[in-house]
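Asks: If you want the building blocks of each chain, they are given just below.
2 protein chains.
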Amino acid sequence: MRKVKIYITLKEGVLDPQGKAVQNSLHSLEYKNVNEVRVGKYMEVMLEDTENLEEQIDKMCDQLLANPVIEDYTYTIEEVV
Amino acid sequence: MRKVKIYITLKEGVLDPQGKAVQNSLHSLEYKNVNEVRVGKYMEVMLEDTENLEEQIDKMCDQLLANPVIEDYTYTIEEVV
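Residue numbers (UniProt numbering), protein chains in the order written: chain R, 1 to 81; chain U, 1 to 81.
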């Protein structure tokens with residue numbers, strides 16, 4: 001069994017209105033030293049090990065989990081006993 | 001300047017219908033080896049360094065970024081030049 005941690009972020013240059021809203025809220029709460037907030041997604045996927053695991057994860061991200069037009073993704077794979 | 005990477009996850013035992021929906025979609029795409037998906041949030045916050053930075057981040061998470069009743073969070077702090 002493998003635990004895959006997937007981090008999905010907006011590409012640089014893509015506007016992030018959700019992050020901007022969070023930033024404005026932090027300013028309202030008097031955290032004035034916050035300069036920028038970017039919001040992304042984080043997923044933990046448990047799956048049975050298989051041949052070409054990285055290839056499978058790339059396909060899963062490209063097909064469903066991320067939008068490759070505007071998002072980048074990275075992931076780590078951990079062994080779970 | 002500091003870059004804080006914040007990872008927000010649902011606590012163990014809290015139902016994750018969004019993760020379940022993603023899992024079902026992956027099964028429909030013939031990724032049958034996927035056993036569980038949990039969806040969380042990932043944020044990158046750029047902020048000016050300050051005294052008690054970790055204390056400030058904890059407060060920001062508890063007040064706004066995470067829901068401490070059902071979510072856990074972890075973060076890493078990086079120096080940015």
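Rather than coming from a laboratory, the hints here were simulated on the basis of the structure.
Nothing here was measured: the structure is a model prediction, and the numbers come from that model.
Keep in mind that a hint or two might mislead.
One copy or two, it doesn't matter: identical chains are merged, so the pair holds either way.
[Said to hold, decoys possible] In silico DSSO-like links for lysine-lysine, alpha-carbon gap of 30 Å or less:
(1) Lys3 <-> Lys32
(2) Lys32 <-> Lys20
(3) Lys11 <-> Lys41
(4) Lys59 <-> Lys32
(5) Lys20 <-> Lys41
(6) Lys5 <-> Lys59
Asks: Indicate which option fits the pair Lys11, Lys41 if close means a Cα-Cα distance not exceeding 30 Å: within, between, both or neither.
Replies: The answer is both: 13 Å in one copy and 16 Å across copies each meet 30 Å.
Asks: I want to check one pair: Lys5 and Lys59. Are their C-alpha atoms no more than 30 Å apart within a copy, between two copies, both, or neither?
Replies: both (15 Å within a copy, 26 Å between copies)
Asks: When no copy is specified for Lys59 and Lys32, does a C-alpha distance of 30 Å or less occur within a copy, between copies, both, or neither?
Replies: Between copies only: 14 Å across chains, 41 Å inside a chain, cut-off 30 Å.
Asks: Within a copy, between copies, both or neither: which one fits Lys32 and Lys20 at a CA-CA cutoff of 30 Å?
Replies: within (14 Å within a copy, 38 Å between copies)
Asks: Between copies, within a copy, both or neither: which fits Lys3 and Lys32 at Cα up to 30 Å?
Replies: Between copies, since 15 Å is at most 30 Å while 37 Å is not.
Asks: At most 30 Å between alpha carbons: which applies to Lys20 and Lys41, within, between, both or neither?
Replies: both (16 Å within a copy, 16 Å between copies)
In terms of the numbered hints stated before, the structure departs from none.
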